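Novice: So the chains spell out like this:
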Amino acid sequence: GAGVSQTPSNKVTEKGKYVELRCDPISGHTALYWYRQSLGQGPEFLIYFQGTGAADDSGLPNDRFFAVRPEGSVSTLKIQRTERGDSAVYLCASSLMWDSNEQFFGPGTRLTVL
Amino acid sequence: AQSVTQLDSQVPVFEEAPVELRCNYSSSVSVYLFWYVQYPNQGLQLLLKYLSGSTLVESINGFEAEFNKSQTSFHLRKPSVHISDTAEYFCAVSTNNAGNMLTFGGGTRLMVKP
Numbered sequence: 001g002a003g004v005s006q007t008p009s010n011k012v013t014e015k016g017k018y019v020e021l022r023c024d025p026i027s028g029h030t031a032l033y034w035y036r037q038s039l040g041q042g043p044e045f046l047i048y049f050q051g052t053g054a055a056d057d058s059g060l061p062n063d064r065f066f067a068v069r070p071e072g073s074v075s076t077l078k079i080q081r082t083e084r085g086d087s088a089v090y091l092c093a094s095s096l097m098w099d100s101n102e103q104f105f106g107p108g109t110r111l112t113v114l
Numbered sequence: 001a002q003s004v005t006q007l008d009s010q011v012p013v014f015e016e017a018p019v020e021l022r023c024n025y026s027s028s029v030s031v032y033l034f035w036y037v038q039y040p041n042q043g044l045q046l047l048l049k050y051l052s053g054s055t056l057v058e059s060i061n062g063f064e065a066e067f068n069k070s071q072t073s074f075h076l077r078k079p080s081v082h083i084s085d086t087a088e089y090f091c092a093v094s095t096n097n098a099g100n101m102l103t104f105g106g107g108t109r110l111m112v113k114p
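Protein chains in written order, with our numbering: chain W, 1 to 114; chain Z, 1 to 114.
It is worth saying that the hints were derived from the structure and are not from the lab.
Small disclaimer: the values here were computed from a predicted structure and weren't measured.
Watch out, some of these pointers could steer you wrong.
To be verified - If you want a taste of the chain W side facing chain Z, the calculated C-beta under 7 Å gives, among others:
| # | residue |
| --- | --- |
| 1 | S38 |
| 2 | Y48 |
| 3 | T52 |
| 4 | F105 |
| 5 | G106 |
Quick reminder that beta carbons are idealized off the backbone N, C-alpha and C, glycines included.
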């Protein structure tokens with residue numbers, strides 16, 4: 001079956017612009033996670049959804065970052081007034097339930113802020 | 001809060017030699033432990049996991065890891081590596097009371113040479 005998909009695969013933007021990154025989880029997975037992986041580092045947790053609601057957004061670095069999952073499936077990570085330090089690979093993962101112990105990762109979106 | 005330390009950022013090894021990738025963690029509560037692998041230009045894939053029971057867990061491609069609670073370690077081993085094992089390996093932990101978000105180490109790049 002289809003895995004987690006993320007679009008776009010690459011995004012280049014200018015400092016100060018707004019970007020949206022999309023994640024399509026595996027069908028039927030209720031939990032969805034966003035992580036950010038900076039160059040040479042491991043992924044860092046940003047936010048996770050159980051269904052439509054953000055159950056934990058403690059990893060979002062500041063109020064320029066926001067994520068939604070209005071129908072409990074597709075999620076969009078939104079970044080306002082992008083900064084060069086936002087450049088990273090943004091990873092999405094999904095799992096069957098919040099207490100499932102395997103997360104399935106998408107290929108990521110590489111964001112470059114010039 | 002949890003943290004994960006991968007002591008080696010790069011491990012060069014010759015083909016058919018044994019390898020050990022080290023992982024130590026800290027947590028005030030019980031954890032679940034994972035190793036993920038990221039092949040060049042691919043997404044993160046779960047390699048193996050420890051949830052409970054036997055402290056020695058194995059993957060289908062010959063890797064194994066042993067959970068050592070007293071040393072707070074979860075080192076990854078393979079008795080004989082192949083060129084195709086060249087990849088970035090990430091150790092991660094989660095706790096069941098935290099929505100299962102993963103805390104990753106910084107990664108170890110395994111470079112298998114002919």
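Novice: Provide an ascending list of the numbers of those earlier hints which the structure does not satisfy.
Specialist: 1 and 3
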